[in-house]
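Q: Residue strings, one per chain:
Protein chains: 2
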Amino acid sequence: MHFSCPQRTLLNSINIVQKSVSTRTTLPILKGIYIEAQEHHLKLVATDLEVGIENLLDAEIISEGAFVIDAKLFGEIIRKLPDDDVEIKLIDSNQVFIKCQSAEFNVLCHNAEDFPELPSIDDKSNFSISNELFRNMIRQTVFATSQDESRPILTGVLMEIDEDSFNMVALDGYRLALRKGKIKSELNRKVVIPSRTLTELSRIISNDDEEDVEICLSENHAQFRFSNTKIISRLLEGEFINYKQIIPKEYKSRVKINTKSLLNSIERASLLAKEGKNNLVKFIVSDENMVITSNSELGKVHEEIIITLEGEEIEIAFNSKYFMDALKVFDEEEIYLNFTTNISPVIFKPVSNDHYTYLVLPIRLSSN
Amino acid sequence: MHFSCPQRTLLNSINIVQKSVSTRTTLPILKGIYIEAQEHHLKLVATDLEVGIENLLDAEIISEGAFVIDAKLFGEIIRKLPDDDVEIKLIDSNQVFIKCQSAEFNVLCHNAEDFPELPSIDDKSNFSISNELFRNMIRQTVFATSQDESRPILTGVLMEIDEDSFNMVALDGYRLALRKGKIKSELNRKVVIPSRTLTELSRIISNDDEEDVEICLSENHAQFRFSNTKIISRLLEGEFINYKQIIPKEYKSRVKINTKSLLNSIERASLLAKEGKNNLVKFIVSDENMVITSNSELGKVHEEIIITLEGEEIEIAFNSKYFMDALKVFDEEEIYLNFTTNISPVIFKPVSNDHYTYLVLPIRLSSN
Numbered sequence: 001m002h003f004s005c006p007q008r009t010l011l012n013s014i015n016i017v018q019k020s021v022s023t024r025t026t027l028p029i030l031k032g033i034y035i036e037a038q039e040h041h042l043k044l045v046a047t048d049l050e051v052g053i054e055n056l057l058d059a060e061i062i063s064e065g066a067f068v069i070d071a072k073l074f075g076e077i078i079r080k081l082p083d084d085d086v087e088i089k090l091i092d093s094n095q096v097f098i099k100c101q102s103a104e105f106n107v108l109c110h111n112a113e114d115f116p117e118l119p120s121i122d123d124k125s126n127f128s129i130s131n132e133l134f135r136n137m138i139r140q141t142v143f144a145t146s147q148d149e150s151r152p153i154l155t156g157v158l159m160e161i162d163e164d165s166f167n168m169v170a171l172d173g174y175r176l177a178l179r180k181g182k183i184k185s186e187l188n189r190k191v192v193i194p195s196r197t198l199t200e201l202s203r204i205i206s207n208d209d210e211e212d213v214e215i216c217l218s219e220n221h222a223q224f225r226f227s228n229t230k231i232i233s234r235l236l237e238g239e240f241i242n243y244k245q246i247i248p249k250e251y252k253s254r255v256k257i258n259t260k261s262l263l264n265s266i267e268r269a270s271l272l273a274k275e276g277k278n279n280l281v282k283f284i285v286s287d288e289n290m291v292i293t294s295n296s297e298l299g300k301v302h303e304e305i306i307i308t309l310e311g312e313e314i315e316i317a318f319n320s321k322y323f324m325d326a327l328k329v330f331d332e333e334e335i336y337l338n339f340t341t342n343i344s345p346v347i348f349k350p351v352s353n354d355h356y357t358y359l360v361l362p363i364r365l366s367s368n
Numbered sequence: 001m002h003f004s005c006p007q008r009t010l011l012n013s014i015n016i017v018q019k020s021v022s023t024r025t026t027l028p029i030l031k032g033i034y035i036e037a038q039e040h041h042l043k044l045v046a047t048d049l050e051v052g053i054e055n056l057l058d059a060e061i062i063s064e065g066a067f068v069i070d071a072k073l074f075g076e077i078i079r080k081l082p083d084d085d086v087e088i089k090l091i092d093s094n095q096v097f098i099k100c101q102s103a104e105f106n107v108l109c110h111n112a113e114d115f116p117e118l119p120s121i122d123d124k125s126n127f128s129i130s131n132e133l134f135r136n137m138i139r140q141t142v143f144a145t146s147q148d149e150s151r152p153i154l155t156g157v158l159m160e161i162d163e164d165s166f167n168m169v170a171l172d173g174y175r176l177a178l179r180k181g182k183i184k185s186e187l188n189r190k191v192v193i194p195s196r197t198l199t200e201l202s203r204i205i206s207n208d209d210e211e212d213v214e215i216c217l218s219e220n221h222a223q224f225r226f227s228n229t230k231i232i233s234r235l236l237e238g239e240f241i242n243y244k245q246i247i248p249k250e251y252k253s254r255v256k257i258n259t260k261s262l263l264n265s266i267e268r269a270s271l272l273a274k275e276g277k278n279n280l281v282k283f284i285v286s287d288e289n290m291v292i293t294s295n296s297e298l299g300k301v302h303e304e305i306i307i308t309l310e311g312e313e314i315e316i317a318f319n320s321k322y323f324m325d326a327l328k329v330f331d332e333e334e335i336y337l338n339f340t341t342n343i344s345p346v347i348f349k350p351v352s353n354d355h356y357t358y359l360v361l362p363i364r365l366s367s368n
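The listed protein sequences correspond, in order, to chains F and H.
Going by full-length UniProt numbering, the first sequence opens with residue 1, and the numbers climb by one from there.
Going by full-length UniProt numbering, the second sequence opens with residue 1, and the numbers climb by one from there.
Hint data in this document are derived by calculation from the structure and do not stem from the laboratory.
Any given hint might turn out to be false.
[Claimed, not checked] From the structure, some residues in chain F lie toward chain H, with a derived Cβ separation under 7 Å:
(1) I77
(2) V301
(3) V329
[Claimed, not checked] Listed next, the stretches of chain H that the computed footprint assigns to chain F, with coverage defined by at least 3 CB atoms under 8 Å from CB atoms of chain F:
(4) 106-114
(5) 260-273
Since the model is a prediction, treat every value here as computed from it, not as a measurement.
Where is the CB? At the ideal position from N, CA and C, for every residue including glycine.
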């Protein structure tokens, strides 16, 4: 196995597949990148057995073959090489020769046959989604997944495909994020994707020029394909919560508020709140304004924001973190906050469309 | 005590003095910033008892007075406020009121009288140095100070003032950095400044427009003054090593080499060297070129660089870290490496001037 390709192209490919290299594994081969030379291209693959990434790049193939090399060391070497052609050659079953200008390396490698194969996904059950829409959908949901491994299904994001409608939903028992999108498909499936897959995917596609991501689903896996990259992830097993019944249809108070002002005020209020329990901030909604307060042993804050209120005045308290997380991913200048009672959830919605719904449970005030 | 000033000015001042706030102290007051309102300005002071920083800023003083407030919390609050005037008022001896637009904070504070006073330095024994020259001198020496607290004097940088000549020297037992500068002075003093003082100072003056830094020396302290800021540091006690006798005057081989090529080659060689002991890289200097090699259980590297050699060929080995540290601060395109034997130090010098000298001890090769 012997090939040559530009340093930049190779480095770009390493940077993509490196995102799925195992960092905490006892199997040395999973810390490696599988590199295969065939016909006119190279294939780089890395996997931690949960997520696998495969990237193809053009290269001058002098002889075909494959090896596995430590991802960290290989990445560091290629990163430090000059911007010129890199020649790589398998010398024997456990040694690779790397040359660029007057720099020459001999590095230990593993046998390619020991590297686990990625599952192959049938391309039939598939649909496409625009890169930008998909990135937004991920960004607006993935932060609301649970970190608690005791309910594994909640550590992922539900993808609900019902022909042309495509919803992504995450919830962690305290809050829920629902993003609606449109696609063209004839599928009817619900799958739950691990949050880590989506986070890495979102990072990789944000640097990609391709307009669409093709998604294929098999029984136990999802495959995301764009440009020369394939990301294959296992699906989370189990039934996702019936989220629709959690979202209230009615409200008693509707507040129209500037997203950025609300975020700034809550960020300031949380500076004192975070010292106490639950990052508690209190909202007092009246006809003229919304007052946000919080206090701890270090002091107290009082913030006022101008709002438009429809309906009843209300006093209610929240964990400020759950508010800030969502306000940071709202792209709309103004949002609605829909309240019912101070022990029922608040619903966030953009003023100008119905694409996004975010729900947070309040904290019961001791005076209730 | 009651004043008003623009959020940005106050934040800038906090960012400056915050660099000397104690992070590991059991005295809560040392985690604070002392704020004093007098006449038409505010004075902010922070100290960890080793380094103290004082900054003055213009403010509208409604009534005079002082308090001490937790630096971290105060910094976070001011940073999050809108870009507008901030009003601050001492309500009682342990509570401060902060207001900006519709945001209001009440925060606990300490009594100003409990804050340690900075030493006052007599302005007589002083000289000035250009901001840019001083920053370069710090950058080119401070990295070579020792991290080993068992010889405290080596954790600082020697400043040697002999009328118009001003040298800064750092050494750690394995390498030495000497930077020569020019000033106008009638002083004749040697003082050792803690490396931390110089690192913080360098960060602060790099954002400063003032052309000169005024340096005043008392028996136990140094004061650095520029714009509205004073940094006062204790001096390290004890006699600095007579560094002049360490620097060889003669050499047997002189290599002229491109600084950037050498740095790149050593960085690549050290990718494999760092896995072994001492980051060992080996240099083989011959008439045509210099070969750099290193190896570990993971593999080996071979690098060639074109050089001009005057004198004898030589084989010698070094800790690559000591080479890289110095090559990163050399501003010259080409440098000389002066070798004597493979058990005596190498000297780095710029090709075009005599401002900088760097010395590294070699590692004895087992074959010697």
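Q: For every hint, state whether the structure bears it out.
A: Structure-based check of all given hints:
no., hint, result
1, I77, "holds, 6 Å"
2, V301, "holds, 5 Å"
3, V329, "violated, 19 Å"
4, 106-114, "holds (count 3)"
5, 260-273, "holds (count 6)"
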